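Asks: Residues per chain, in single letters:
Protein chains: 2
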Amino acid sequence: MNRKVKIVGVGKYLPPKVVTAEELDQMLQTQPGWTLKKSGVKERHYVNGETASQMAANAALEAINDAGLSLSDVDCIISGSGTMEQPIPCNAALIQRALNLSDSGVPCFDVNTTCLSFVQALDIASLYLEMGIYRTILIVSSEIASIGLNWQQKESCVLFGDGAAAVVVQKTPENEGSTVYPMKMETYSDGASFTEIRGGGTTIHPREHREETKQEFLFHMNGPAVFRMSSKRLPEFVGKIFAEANISMTDLQAVIPHQASGMAMRLMKRKLHIPDEIFIDVIENYGNMIAASIPIALYEAIRSQRIKRGDKVLLIGTSAGLSLGGIILEY
Amino acid sequence: MNRKVKIVGVGKYLPPKVVTAEELDQMLQTQPGWTLKKSGVKERHYVNGETASQMAANAALEAINDAGLSLSDVDCIISGSGTMEQPIPCNAALIQRALNLSDSGVPCFDVNTTCLSFVQALDIASLYLEMGIYRTILIVSSEIASIGLNWQQKESCVLFGDGAAAVVVQKTPENEGSTVYPMKMETYSDGASFTEIRGGGTTIHPREHREETKQEFLFHMNGPAVFRMSSKRLPEFVGKIFAEANISMTDLQAVIPHQASGMAMRLMKRKLHIPDEIFIDVIENYGNMIAASIPIALYEAIRSQRIKRGDKVLLIGTSAGLSLGGIILEY
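Just so you know, the protein sequences line up as chains A and B, in that order. Last residue of the first sequence: 333 in the working numbering, with the numbers rising by one and none dropped. Last residue of the second sequence: 333 in the working numbering, with the numbers rising by one and none dropped.
Certain hints may be false.
Since the list gives no way to pick out one identical chain from another, each pair is judged satisfied if it fits inside one copy or across any two copies.
[As the list claims (entries may be wrong)] BS3-like, lysine-lysine: derived pairs with alpha carbons at most 30 Å apart:
#, residue 1, residue 2
1, Lys234, Lys39
2, Lys40, Lys173
3, Lys173, Lys242
4, Lys242, Lys6
5, Lys216, Lys314
6, Lys6, Lys173
7, Lys44, Lys173
Bear in mind the hints are in silico, worked out from the structure with no lab data behind them. The structure displayed is predicted, hence computed values, not measured ones.
Make a model of the complete structure from these sequences and hints.
Replies: Below, the structure is given as C-alpha cells:
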C-alpha cells in the first residue's frame, strides 16, 4: 500500500577535511590517476575529530530548517546508518543528545542494513506516519567510513568518504501528491562475506586486536563477487519493483543509486538501461558514504532542481548482506 | 491504531555453559552470597564459542516449529538485538545464513535500541503485517553480553547472561482477538552515558585497545543514576501507556518487565503497583540478556501457561539511551 508521505526537508553535513584522488595516489604509491580511475571519486571528506552524532546533528538542523520547522516539532528520531558511533547506546540517542533534545523524551531507535539503512528507515518512517503514530520524523544517516578502511586493500579504501545526510518526513497534506511506495528488499546471505568487517562485535572483541589480527577489524570487499551477484540479481529485482508499483522506467524523472563506486554505478546504469539524464551520480565529490550516499545524492538532486515536486524517483542499491533494496517516491 | 497481529510461535536458545552465583562469588573474591544478593541471578549462561547468529537460528527454528510453520514461510527476518555479531553485515543477514536461507532472498534488517530492541522490532513488524507487506515475520534477539563485561565493576558484571529468543508473528485470523497495541517509547539522552560501551565504534576504533584504554571497550553502568531516572520517569510513562490504550493494570493478566536486575525489577513492581501474581520474573535463571530478556520472559510465561490466548500482557522496560518503552498485547 502506498503511503501519503512527504519529504519536507533535507540536510547534509560534510567534515571540512578534503582528501583528493591525487593525495591518495601518493599515499598508496600508485600511478598518478589510478585512484580516480578505480573509484570515480575526485575528492571525499574525512573526519578529523568530528563524531558521527555531531555530523548528524548538523545535517538534521539543516533539514529541519529547510522544512520550515523547529526542533520541537520532531517526534521521532531514526538513525539509518551502517556504522555505529559506540556500541551502547544506539546512534539515535546520541543524535538526540547532540541536538540538545536530551530532556525531550523524543523516541530514538536505529535501523541497520548497512548501505540500505536509509531506505529501510524511510520505509519504516512511512509506516509510522501512515498509521498516524508520529507526525514529524527525522531520519539521519551519519557515517564515518575512514576509520575502518584497509589501506592494504587499495581497491576498496579509495572508494569511501565520511559525512551525514538527513531528511524530515511528514504525512502529505490532503491536496498534495507526495507518496512513498513500499520498499522492496531481498537479502542473499550467500554474499554475507563479500563485504564485511569481521572484528569488533561479539564474535571478535576489540581486545583481540593485535598486529596479526588487525585486518579483521577493517573493511574487506570482494569486489568481483559483489559485482557478479549484483549483475545477476538487479535486473529482475528492479523489474519486480516496477511491476508491483505499476510504474516503468519512463515514468521516472530520477534514479538515485547507492553511490557505491564509479564502476558499480556504470554497471547498474547499463544493466538497468537507465537513461543518462535521469541518473543521479554525485560520487566524484563524496565517495561511497555507506548509508548516507543515497540521501546525499537525493539532497543534491533536490538542491540542483533535478528533482522537483511531483517527480517520480527510484532510490536503489545493494548493501552488505548481500541485500538489494529499492523504493519509489513521488517527491 | 491497534494491529490485529498474533504471536504464533516462540523459541529460545541458551548456550550449554552455566555459570552460577557461587562461581562468580569465587571469581570476584566477594563474600559468599554477594552475587546473588546484588543481582538476583542464581545462574546464567555464557557462550563458549557459539556465535550470536547460531544461537539465533536455534531459537528461530523452535519458534517456527512452535508455530506449525516451515522455514520457507518466513518472508522477513528482523534482528532486535543490542549487540552485533560483527560490524558488517547486519545481524539479520547472518541469522538468515545460519538458517540456511542464504539463497532465499528473504529481506533482513536490524533494529537496535539496546534492551528495548525486541519491543521496537515487534512494533515495526506489526506495522508491516497490518499493512499486508509481509505475512510471516521472524523476530530474533540474540545477545552475547559475557564478552563485554567489566570484571572490575562487580555490580554490573554479575547481572548478565547470554542467549537468544525468537518469535514468529502473523496477522491474526479473522475470528480471533490477538492484538498488538502501539508501542510507546520515550528517550532521554540526559542518561545516554549512564549505561554505555564507549569503545568499538567509529569514535574509538578497536585499534585503540590497549592496557590503559581497555575499560573503554567494556560495559559501564551507573546503576544509581539509572535507578533514579527510571524511578522518576516510569510511573508517569506507564500511566500514558494505559491511558492511550484505555486499559488499566487490573485488565492485565501479565506484566513482563525487562529483566534488568533483581533490584530494578523490585523497584519497578513497587513503583508501578504491579501485583505479584501477574509479574513475570525469570531473572534468577538467566540474568539480564539485554534485548533477549523480554522475549525470554515471554517465552517462559507462555510455556508455563501463565499467559494464555486472550490474556492482556504489558511488555515494559528501560534501555540504554536512556529509553523507556512499553507495548501492550492481547496474546
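Asks: It remains to establish, for every hint, whether it holds in the given structure.
Replies: Against the structure, the hints come out as follows:
In this homomeric assembly, Lys234 and Lys39 come within 30 Å of each other (Cα to Cα) only inside a single copy, at 24 Å, whereas the closest approach across copies is 59 Å. Proximity of Lys40 to Lys173 under the C-alpha cut-off of 30 Å is found in neither arrangement, the shortest distances being 42 Å within a copy and 48 Å between copies. With identical chains, the CA atoms of Lys173 and Lys242 are at most 30 Å apart both within one copy (26 Å) and between copies (24 Å). Taking the shortest Cα distances, Lys242 and Lys6 sit within 30 Å of each other both inside one copy (22 Å) and across copies (28 Å).
Proximity of Lys216 and Lys314 under a CA criterion of 30 Å is satisfied in neither setting, with 45 Å inside one chain copy and 50 Å between copies. With identical chains, the CA atoms of Lys6 and Lys173 are at most 30 Å apart both within one copy (6 Å) and between copies (23 Å). When the C-alpha separation of Lys44 and Lys173 is checked against a cutoff of 30 Å, the pair qualifies neither within a copy, at 38 Å, nor between copies, at 50 Å.
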